[in-house]
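Use these hints to put chain L onto chain U, whose structure you have.
Chains U and L are the protein sequences, given in the same order. For the record, in the first sequence the residue sitting at position 65 is 98 according to my numbering, with numbers rising by one throughout. For the record, in the second sequence the residue sitting at position 153 is 1093 according to my numbering, with numbers rising by one throughout.
Rather than coming from a laboratory, the hints here were simulated on the basis of the structure. Among the clues, some could well be false.
What the hints assert, rightly or not - Under the rule of at most 25 Å between Cα atoms (straight-line distance), these lysine to any residue pairs were calculated in the SDA-like manner: (1) K518/U - G1041/L; (2) K1106/L - E527/U; (3) K302/U - K342/U; (4) K956/L - T394/U; (5) K399/U - Q444/U; (6) K389/U - T948/L; (7) K956/L - N513/U.
As the list claims (entries may be wrong) - Interface residues of chain U toward chain L, partial, derived using beta-carbon atoms under 8 Å: (8) S485; (9) L487; (10) H501; (11) K519; (12) L523.
In this text, a Cβ means the ideal position worked out from N, Cα and C, and glycines have one as well.
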Amino acid sequence: MENHFNQPQRQSPIGVLVMFLDTLRQYAKALGPLFVIGILRFNEINKLYLFLGIAAVVLLIAIIAYLRYINFTFYLDDENKEFIINEGVFNKSKTTIQLSKIQQVNINQSLVQRMINVFALDVDTAGSNNKEGEIKAISHPLALELKARLLDNSRVKNKETAHETALEPEAENAPQTFPFINISLLSLLKVGITSNYIKSFSLLLLFFFTVSENVSKVTGRDVLHDEKIVDYVDQSRLVSVFLIGMIVLFLTVLIINLVRIIFKYYDYKITRQKGSLLLSFGLLNTKSTIIKPEKVQITTVSRNFFQKKMDTLQMKIKQATSGEQEERKSAIEIPGCNETERDAILKLLFHKIPEKGIMLTPNFRKLGFALFLTIGLPLLGFYIFRANNPGVAEAVNYLVPVYILFVGLVQFFKFRNYRLFINDSFIIRQSGAWDISNEIIEPSKIQAITTSQLFWHKSLNIGSLTLHTAGGNIAFQLGNYDTIKKYINLWLYEIETSDSNWM
Amino acid sequence: MENFTNNTIDTTQLPKFEEVPFSGLHPNYWKVTLIHIGIFMLIIGFAYSYIFTFMDKTIPNQLEISIGIIVLFVLVLFIARIGFTKKGFAFRNHDVLFRHGIIATNTMVIPYNRIQHVALHEGLISRFFGLSKIEIFTAGGSSSDIEIPGITKEQAENIKQLLMGKIQKEL
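Chain U with its partners taken away, still in its complex shape:
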């Protein structure tokens, strides 16, 4: 099937259905209250009118969806190297995307799209925060072909402006389409039980509060302050009830974690394609993204004590972006790979495995300042509060040493793990108290360098360093200033004497 995409074309015919559901969803938000009223007063309203009304709305939406489908066209303008999307029924809009500006092309599939076997294709550029172009229904072969064309052109542009690495043609000659890493269910289980406790816990809290609020709205009773609960609990059994509650809570968090990770990352496949990495994952909604090694800015490898024992770790890859809000979104996560898989991915991204070189450690003042901020100030606030409200704060007095011990330990480990490793071709910053993460960048990705020194630190010869990249900043505070300055001069020399391609 040869398709050059240079004629305006519509989406798959079945896409009308996707358009219909999409429009329905949009209007459902607006018409939701009306609908609720309709249900509540079901008996009072003339049923004939009701059904006629519903039928009319559905018909109207169907017509709008059809018009949206008819008016939605996309094509590639080969002459100007642009990808053009026309859309809109009443408000027409024409989106023009320069092929050379395209950063990412994602092929996704939602549940509806999966049922009718079509795919969505998103086009992402560095320019703004949203995805610039979105095609909602396209068949899989067509999607792959279009994606290849879109990315192919940006690749050609890259080659014209900057010299690609010599490794590129070699990789192109041997296209590997089979997944070279396939994250198993077991690895996902390992990740599920060892990470993201806090995230799941807050999700659980959010869920609980939403449910309790809704229940109290409907029944007019408050879930939390129901006297019956107090009656059930015998005072003497309070401790055991509390313990059981804690265990139940912990198990719930664990299960939520597991379910969330499996839904999100089930069947995680990494495929090599023309020197890029193709990722696809998801249980219900299959997502796929592409990573171009030359666009990768910051690579983070993180794991905690349990994960180390189980030989599993997480990776996060940040590609070049320009919008600040986009930074979080564009971090691509690879959960649960083992050490050999990690090395394989790193090798693909950097052509060699990053090694930790010379180690820079922070001055002890960093720990002191952190302790002051996290223990000193809160304690001061607490004592002022206690002095002004006698009797209230005494009940939580015994929590003070627990707090000091816990936060102190966290800060101590944070300080102990805070390191900067500098090697000829890599800069690695290690940080974190429990989850120890290593952020890896290549010196050639540096956009700008900032040094900072407080005036009373001048004689102590300590100072801070911030490396700005197109994927975010990496900072190292209170290190040996002479060493930092020496390396800055070296990096500047390397950046300024070579035409290295940072993107």
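Frame of chain U; chain L shown alone:
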């Protein structure tokens, strides 16, 4: 091939960014800053005296408040003066340096081959003194952009031309 050498770099012989002499901002920029502060303080002063004379003549601690406002004024002036004297810039062959900061001394370096685009900006009062601001943007987001205020219009145009030339060459 015969021209290719790959000698070890002697890192101690590399040009040192920390020893670069910085040029300060134009003295007229201090006047611009003073006018800005003056306008700000005038607004506060007017508001205070308006409240005092027309609305509420019975404000307690008038003396203290007046002294407070004067101390604030002196403090703002003092900090602004330090900020002004500490700001400095330097254009080397391959990169631009900008130094700023009051408590901490921050030095930012942007290599020319990382610059995305350059803009000139003229404020109302700055224009009166013939000064403009150069804004240098990189792909690293707003935290890695440099804004150098207090440069004469002529010099700013020259710098912009220089930078544009450097960027063009890099491409």
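Outcome of the hint check:
Between K518/U and G1041/L the alpha-carbon distance is near 18 Å, which keeps this suggested pair within the 25 Å criterion. Of the pairs offered as hints, the one joining K1106/L and E527/U holds, with about 17 Å between alpha carbons and a cut-off of 25 Å not exceeded. Restraint check: the Cα-Cα separation between K302/U and K342/U comes to about 24 Å, which is no more than 25 Å; the hinted pair holds. As the CA atoms of K956/L and T394/U are separated by approximately 23 Å, the hinted pair is consistent with the 25 Å bound.
Distance hint between K399/U and Q444/U is fulfilled; the C-alpha atoms sit about 10 Å from each other, no more than 25 Å. With a C-alpha separation of about 20 Å, the suggested pairing of K389/U with T948/L holds against the 25 Å cut-off. Restraint check for K956/L and N513/U: satisfied, since their Cα atoms lie roughly 16 Å apart, inside the 25 Å limit. Hint on S485/U holds. Least Cβ distance to chain L is approximately 5 Å, under the 8 Å limit.
Because the smallest distance between the Cβ of L487/U and any Cβ of chain L comes to about 5 Å, under 8 Å, the interface hint for this residue holds. Because the closest C-beta pair between H501/U and chain L is about 3 Å apart, less than 8 Å, the hint holds. Contact between K519/U and chain L, as hinted, is supported at the beta carbon level, the nearest pair being about 6 Å apart and thus within 8 Å. With its C-beta approaching chain L no nearer than about 5 Å, L523/U sits inside the 8 Å limit, and its interface hint holds.
Consistency with the previously given hints is maintained throughout, with no hint failing.
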